[in-house]
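Peer 1: Residue-level listing of the chains:
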Amino acid sequence: MGKISRRELLKGLGIGSLALVGGHIVKSPLSPTQLAYASDDVKWKQFKGSKLVFMSEDTPPTSAIKSKIKSFKDLTGMDIEIIQEHLDIVSEKVGIDVRGKKGAYPVYYSQDKPIGAPFHAHAEDLRKYEADPTFPKVTDGVGSDVWLYRFLDVTGRFYGEPKIAAYPYDNAICVMMYRKDLFEKYSKQFESEYKKPLRYTENTTWKDVLDISKFFKKANFPDVKYGLALQGREGWGGQLDFQRVCYAHGQWREWDFDDWTGSRKPGPCKWGDEQSIVCLEKYKELMQYSHPDSLTNDWSGANTAYITGLAAMVPNYGEFAAVVEDPKQSVAAGGRTAYELCPKGDPSWIVNRGKAVNATNYGIGGIAINSYSKPELKKAAYLFVLWATSYETMMMVLKDVGGTPDRKRVFEDPEVKKAFVRETAPMKNIEPVEMEKGNPASRVTKVPLMPNGLTYGPSLKGILPPNVVVGPKIPKFNEYIQILTSEVQKCVSGAKTAKEACLAIKEKTDKLHGVK
Amino acid sequence: MTGEWQVPRKKTFFERIQGAFPFHFRLMLPAIIVLAIITLYPFFWMIWLSLHETAMNPGEQDIFVGLANYANLLDDEVFLNGVKLLIWYFVICLSVEMFLGVSIALLINGMKYENLFVILFLMPMMVAPIVVGYLYSYLYNVSFGWYFWFLKSIGFLQTDTILASAKPVLGFLPSVAFFGVVAADVWNWTPLIILIVLAGLKNVPQDQLEAARMDGAGSWRTLWDVTLPNIRSVLLIAGILRFMDNVRYIDTIYVLTKGGPADSTKILPFHLYNISFRYFEFGRGAAVGFILLLFIIFMAMFFVKVFKKKEVAPVG
Amino acid sequence: MDKTELVSRSQKRKKKILGTLTYIAVIVFLIWTITPLFVMVVSSFKDLREAFQIPQVGDWKGVIKFFQFTPTTRHYVELFTMEDFRPFIINSLIASISASIIAVILGSLAAYGLARGRIPGEEHISFWIISCRMAPVVAVMVPLYSIFSGLGLLEAYRWRNLLCLMLAYTTFSLPFAVWFLRSFFEDIPTEIEEAAKVDGCSNFRAFWDIILPLAKPGIVAGFILCMILSWNDFIFASVLGQQGAKTLPVATSELHSTVDIKWGRILASGTMLCVPMLTLGLLIKKYLVQGLTMGAVRQ
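Chains as they are written, first to last, in my numbering: chain A, 18 to 533; chain B, 87 to 402; chain C, 13 to 311.
Just chain A, same shape as in the assembly (with noise of 0.2 Å):
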């Protein structure tokens, strides 16, 4: 047994060297007229050596990336740290560092409203490194239509400046999942009480949501105990779940400016109109025969509450699919869930003679550089930027872990248009669990490869006009979803009614805008 080595010692007790543990950037060699001239993959390693940081949400795409790193060092011999945080402690590192002019975080995540909305002047302006030709060229390039539609506007463009401050790097896109077994085993039941079929279709309104949810709490079968869960929580999931039911009916958004752009200055809101009120009063309704939990739940609460079983129905993002379709922790899984666009807006509910439409709402997070940084690690961040957006790594990243691509060349793709339908869908062998225990028929096999592109299908049609809302695209973003959400809780908790709650968030918006 020979010596352990200071060095070995060190490492092992995980201390290392002084690690520098943030960015430091090696200069490349060549003159940029030289560079100008160089093939691509000089290019991509023209900072080599160099180390980056990367603040990121938790989120699939930057687990996957962060296990195929090792193809990004091959390609530009850089390294880079990436960091994962629940997308609150992301908002709150980013800001401070940028509000303290830091640049400790030469790339990071930028959520389009919690992030983008507040800080967008502290990022670069990728235009600058998009025209300079020292940059290698990725695939379809990286202008406004190689994205999904206006993805680019959304985490991008703001209040109407041509400068665009991120690129899409992932997204969550609402969509309706069901349990489409429990819906066919308890049909007939609801049949004979609500007078029409037990399915869900894209025709399906709110109201029908709410006839299905009361059906299954009252019936209180053994094998789901309610019908819907909500994400009601504080803050964004809040103001997202709701504002799904009110855009559905008459296409209402609370300030009328155009959301690809956003607003500095919004003026006074619509909140306390007619259709709010009476979207409100819906909206207490659903909770009321919703998972007792929906008013405290975010989307991960919401989504553990389908896949315990305990909901036969949840509007959730798309990433999630992963997780309903695995069967270690979902009962979900195993063919029993089927995805739809969200509810359509019922005829009835709507008193502003607008239209019923799909109402589709979705969090698209985008990359962005910090400006703060020393210049030469902004330009070897572009380059992280342009590979984790590109074509090649969003394939990679759907294939391995549940990708959320953006590009639209990836959903032209034959392998992932397979995986829309799941009778199509490319599948992987998995160890066989038992769905119920004791019953070896009910053994699953085998999981799709690509789950969430199960609700591509939907996603794809819900991020189209009529369907899509995307506001509101505001500076103080962040304080009006929390008193958004405040008072929604405490007209549906019944301390107000919904007049009063909607008055007040007009009051205390209308407040925070400087509205007299």
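Among the hints, erroneous ones may be present.
[Unchecked claim] Between beta-carbon pairs, the in silico distance windows are:
(1) C:80 to A:180: 36 to 44 Å
(2) B:300 to C:203: 23 to 31 Å
(3) C:59 to B:177: 41 to 49 Å
(4) A:180 to B:391: 53 to 61 Å
[As the list claims (entries may be wrong)] Derived, one-sided and incomplete: chain A residues facing chain B with beta-carbon distance under 7 Å:
(5) 88
(6) 90
(7) 112
(8) 322
I should point out that these hints are in silico values taken from the structure, not numbers from a laboratory.
Don't be surprised by glycine CBs; every beta carbon is placed ideally from N, CA and C.
Starting from the known structure of chain A, arrange chains B and C on it as the hints suggest.
Peer 2: Frame of chain A; chains B and C shown alone:
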């Protein structure tokens, strides 16, 4: 007999300094210096910051707004609600923890397995508040929480959920979710009270206890007249210590409810966290922080006065 | 004669009932204390679907479901392989131990000074010291962040971040140590120092050689309490710790990812967080208990 009596010589400069700073004060200096550095600057910085409105975008300057940040707080419903809830929070938490802590300490004092009990009772205190948050959110969860199941099964819980219920208990008390958070805090920190009170009980002079027993006093009389007065200072220490932490820690709430539902667990420190780290309005945050600090200091001074006064009160 | 016998017998019975009630109360409290920890530890060995099993409301026989599972150490393994928890444990240890050492050293000096010294304004100084601990964490963090950033402690070097955390922890450990130890020093009778001084010791020697060893149990107890407070901190570490010094509580919170709350790993991590503190408590049990019985030594 050579000069036993000598003219006292003049003190050297060094000795004079030593005289000016008595020995015991010198011992305190390192601690005072360290604390002053780490706390005085942030304190004044916070006051300075509270007089400004922080700029959101690069290139903008902070605007001096005087006392506007403070004045606006009177209008801020969430702030006022936060203050109300904070008072509820520390009153309920502290009374329950003190009562439980003192009772348990009294009960196990002198028991056969006292040491074993102490070790076991100490365990919750060793758990990080954030882990307590996760643990209790696991236990309170409607889908798979054992505490939820238990409370519902014995009929104690009327609502269908713990953490999502904003329903006021008994109509006027804070919500069910609030009490859920309180229960987690009580579980986490009662051991601290037990520990401190137990130490104090050991210090109760044996002779006084003996005297009481000789006089034929029953256990209640001994408790009231001998034990409790002797641990008064210990109770004060425990109370103040717990009070200070109780109004500062938001780890548990952060995980359990994030201030909801319907703002029913949004005690003032949590609102402060939102303002500073969600809305990034540091000026407003500093104003709230300063008020919270004053509140804590005044409450602490109040406690100390109350307890100190009792000591002076004539006996019998 | 008979009457007194009867009286004493009924008194004896009363004592016995009281004694049993006492035991019952203590046992109930014990169950309430231990249950969450028990659930956490046992559940950390369950696979996820099994960890989510609870019986129907009111189904008391269903409690057995809690124990029906196939144990797996998967979560613990994953903590080290997939999450790489080792450096976090080291970070937590370094930051808490160093902060507690400083706090206890400076704190015992100050506590002794406060206990013995007859300095004008002593109560005010004492109150100021403890009020340093009263500042709401969030309010203190922003200026502290800017100070540390100015000192370059937030640069991404591990040792700088750890130093930063250590200073932050000292801000709340030191006042606590002063206050806690002050009563221990006050309990030591002044006669001891006076005897020492008569023997020719200087002030300092009296303190160092005689008083300190007497106060050792209290100091050790104080050190442990400071350790626990720092080890368990989350807010400071999450903001000031940066990436270089991620501590265990911060790492645990990150297990609450967007897509799935990794309950298994959270429970396992929680268990791991508690174990060092518990073993510490067990190892130093003697000092802890001695510290608690400081007064008895006097007799």
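Peer 1: Hints first: check each against the structure and report whether it holds.
Peer 2: Hints, one by one, checked against the model:
1. C:80 to A:180: 36 to 44 Å: Violated, at about 59 Å.
2. B:300 to C:203: 23 to 31 Å: Roughly 28 Å apart at Cβ, these two residues keep to the hinted range, so it holds.
3. C:59 to B:177: 41 to 49 Å: With a Cβ separation near 43 Å, residue 59 (chain C) and residue 177 (chain B) satisfy 41 to 49 Å, so the hint holds.
4. A:180 to B:391: 53 to 61 Å: Distance hint for residue 180 (chain A), residue 391 (chain B) holds at roughly 59 Å.
5. 88: Interface hint status for residue 88 (chain A): violated (35 Å vs cutoff 7 Å).
6. 90: Given a least distance of 33 Å, the restraint on residue 90 (chain A) is violated.
7. 112: 5 Å, holds
8. 322: Residue 322 (chain A) check passes; min Cβ-Cβ to chain B is 5 Å, inside 7 Å.
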